[in-house]
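S.K.: In case you want the letters, here they are:
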Amino acid sequence: MSLKELNALAANRSARRRSGGKADTRDNRAALGFLSPWMLGIVGITLGPLLYSLYLSFTNYNLLQSPSWVGLDNYERMFGDERLHQALKVTFTYVIVSVPLQLAVALGLALALDRGMRGLAFYRSAFYLPSLLGGSVAIAVLWRLVFGASGLFNVILGLIGIESSQSWISNPDTALWTIILLHVWTFGSPMVIFLAGLRQIPRAYYEAAATDGANVWWRFRHITMPLLTPIVFFNVVLAIINSFSNFTQAYVVSGGTGGPADSTLFYTLYLYQEGFGNFRMGYAAAMAWLLVLIIGAVTAINFWLSKRWVHYDD
Amino acid sequence: MTDLATRSQNVSATPVPGAAVTPRGRSGWSRAKSVLRHSAMLAVVGITLYPILWMIASSFRPDGQIFGTASIIPEQWDVSNYVDGWNALGEPFGVYLMNSAIIVLGSIIGNLVSCSMAAYAFARLRFRFQGPAFALMLVTIMVPIHAVIVPQYILFSKLGLVNSFIPLILPKLLATDAFFIFLMVQFIRGLPRELDEAARIDGAGHFRTFFQILLPLMKPALATTAIFTFIWTWNDFFSQLVYLTDPAKYTVPVALRSFIDAQSGSSYGALFAMSVVSIVPLILAFAFGQKYLVRGIATTGGK
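Residue numbers (the numbering used here), protein chains in the order written: chain P, 1 to 314; chain V, 1 to 303.
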């Protein structure tokens, strides 16, 4: 949830208070009509299944026999499941490394482009292209070949005098880093958000500071950064949620295995293997709940930490 | 902010500052600085787009010449990879493109209709449990598909709908992409309430107010929703991989994946060719919808 959504929530509440808290019946019936698809979706597609998977997580279920109640067995199994621990390690490494790196590149380029640079629209389009394509199987396929033994990456290393014939995706020490690089490469989308945020900062602030003799660094430190923190925050929350559910690249780059040596076993990939490869639906449901709890907790921590560093204008 | 990609590229394909002099005129030093900045920026653009350009060049090369070269200029325009790739799998690649197109189209229609209806209710109506319902809607933005795929799959397999497009389209018809509801709620809140009230005085009910007054004004938000739905659905791999196992029902991403298995390394050129084919619709969507895309990213992310 973003800041803006919270604001919207608050606005929604105060609107209700103004109306005296008593809704009129005509609206009730109309709302039922307008919201009927959404309510069906909540019951049948999102929240309903989420609750059903809570039940499933206490069972063993392989789709063929009916679910058998096993109590907390699935959750107990998690403590001893080395592959799950590996999946958590891989996913957290990915999130912790790739999110800050990607946002740093995005912010850096947004700052460079913001200062009245001509051709902004061209640069913005060019930099957005990887974000547009980065989630596709096509680019994951490309990555797999670029970082293979005779791939483009080694060729370029050769051109700058570094001889390498190793396959970066078959080496457990480097495979995850190729996927992290792929994530960083899609910096265009947060960059566009940063650019929009930079535009909101009144020019007068900078002019006043310049009149007082403030240098570039001072202006960045005391004007740009504080006023941009809500947008940085929004980007961080969004990027973290998205990174936790990364699947496509890990699946394609590793050929669905999460290898080599489980070094690219992303959480969602392991969930897929357990649920749809081994048909351990109960265990996969428990894993799904753990994922929801992790994302919820990390987002909550984010909001809690934001009080310390996000600067609100109003 | 609003330039179309095509136009902006024409204008700034040669962003050499010497070509245009600002009204104030420029000192030599600031011109040099500008040239430096653009050179640096173009270098970054080059590095960023290099892999894509190499893929396109490789799609025109015979297999033996793909690896071992870093050149992004194809030596010849040989389309045999495209011919081979098109027919390399069980079905011609056009079948997969068509399957993807059906799902994308269904998803766009579904999101436009269901999300705009829900957004109208949240933004303009007052009803019981509105606060909790709105909060619930926001929370569902955070729930990834991976968290509900298991029970959803069980449901759809009990209904005999695995290997059909229904599990991929039906959720969109039921407004499960809550992100777009939120986007449209924000947009409707920006429209003057006087419009609704005037309509009401003229005797219009909620449905007429929605369809005839608000919906036409929501075009930018609808366009943003349509283009994001296009991109996300076209790129979606996870749920299509789960639900589509019959090769005749494969979509583009699932077909590309099976390409890797089927060829096991024998024809990379054909694989690249079909990869290029698979991203063409994305690039077209981007070129035509860039205005709404950028606006959408900026309004949801910006202030």
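Quick caveat, the hints were computed from the structure, so don't treat them as lab data.
Treat the hints with caution; some may be incorrect.
Okay, derived cross-link-like pairs now, DMTMM-like style, lysine to aspartate or glutamate, Cα gap no bigger than 25 Å in a straight line [to be verified]:
{"no.": "1", "chain 1": "V", "residue 1": "Lys249", "chain 2": "V", "residue 2": "Asp84"}
{"no.": "2", "chain 1": "P", "residue 1": "Lys89", "chain 2": "P", "residue 2": "Glu207"}
{"no.": "3", "chain 1": "V", "residue 1": "Lys219", "chain 2": "V", "residue 2": "Asp246"}
{"no.": "4", "chain 1": "P", "residue 1": "Lys89", "chain 2": "P", "residue 2": "Asp73"}
{"no.": "5", "chain 1": "V", "residue 1": "Lys291", "chain 2": "P", "residue 2": "Asp114"}
{"no.": "6", "chain 1": "V", "residue 1": "Lys158", "chain 2": "V", "residue 2": "Asp84"}
{"no.": "7", "chain 1": "V", "residue 1": "Lys219", "chain 2": "V", "residue 2": "Asp196"}
{"no.": "8", "chain 1": "V", "residue 1": "Lys33", "chain 2": "P", "residue 2": "Asp173"}
{"no.": "9", "chain 1": "V", "residue 1": "Lys33", "chain 2": "P", "residue 2": "Glu163"}
Listed next, the stretches of chain P that the computed footprint assigns to chain V, with coverage defined by at least 3 CB atoms under 8 Å from CB atoms of chain V [what the hints assert, rightly or not]:
{"no.": "10", "region": "133-147"}
{"no.": "11", "region": "189-197"}
{"no.": "12", "region": "269-277"}
One-sided excerpt, in silico: chain V residues whose CB lies under 10 Å from chain P [stated by the list, open to error]:
{"no.": "13", "residue": "Ile52"}
{"no.": "14", "residue": "Val143"}
{"no.": "15", "residue": "Gln212"}
{"no.": "16", "residue": "Ile213"}
{"no.": "17", "residue": "Leu215"}
{"no.": "18", "residue": "Pro216"}
{"no.": "19", "residue": "Lys219"}
{"no.": "20", "residue": "Tyr292"}
Note that beta-carbon positions come from the ideal geometry of N, C-alpha and C, so glycine has one too.
S.K.: For the pair supplied as a hint, Lys158 (chain V) and Asp84 (chain V), is the alpha-carbon distance within the 25 Å limit?
M.R.: violated (39 Å)
S.K.: Can you verify the interface hint for Ile52 (chain V): is its Cβ closer than 10 Å to any Cβ in chain P?
M.R.: holds (7 Å)
S.K.: Decide if the proposed pair is consistent with the structure: Lys33 (chain V) and Glu163 (chain P), CA atoms, cutoff 25 Å inclusive.
M.R.: This hinted pair is violated, its Cα atoms lying about 36 Å apart.
S.K.: Does the interface hint hold: is Pro216 (chain V) within less than 10 Å of chain P, judged Cβ to Cβ?
M.R.: violated (17 Å)
S.K.: For a C-alpha distance cap of 25 Å, please report whether Lys33 (chain V) and Asp173 (chain P) respect it.
M.R.: Judged against 25 Å, a Cα distance of about 41 Å means the pair is violated.
S.K.: Given the hint that Lys219 (chain V) pairs with Asp246 (chain V), does the C-alpha gap stay at or below 25 Å?
M.R.: Distance of about 38 Å is beyond 25 Å: violated.
S.K.: Return the status of the interface hint for Ile213 (chain V): holds when the least beta-carbon distance to chain P is below 10 Å, violated otherwise.
M.R.: For Ile213 (chain V), the interface hint is violated, since the closest Cβ of chain P sits about 14 Å away, which is over 10 Å.
S.K.: CA of Lys89 (chain P) to CA of Glu207 (chain P), is that 25 Å or under?
M.R.: violated (48 Å)
S.K.: Tell me if chain V covers the region 189-197 of chain P under the three-residue, 8 Å CB rule, please?
M.R.: With 7 residues closer than 8 Å to chain V, the region 189-197 of chain P meets the three-residue bar; holds.
S.K.: Would the stated hint for Tyr292 (chain V) survive a check requiring a Cβ distance to chain P of less than 10 Å?
M.R.: Hint violated; Tyr292 (chain V) Cβ to chain P Cβ min 13 Å, cut 10 Å.
S.K.: Take the shortest C-beta to C-beta distance between Val143 (chain V) and chain P; is it under 10 Å?
M.R.: holds (6 Å)
S.K.: Tell me if the interface restraint on Leu215 (chain V) is satisfied: Cβ within less than 10 Å of some Cβ in chain P.
M.R.: violated (12 Å)
In the structure shown, a violation is registered for the earlier hints numbered 2, 3, 6, 8, 9, 15, 16, 17, 18, 19 and 20, in ascending order.
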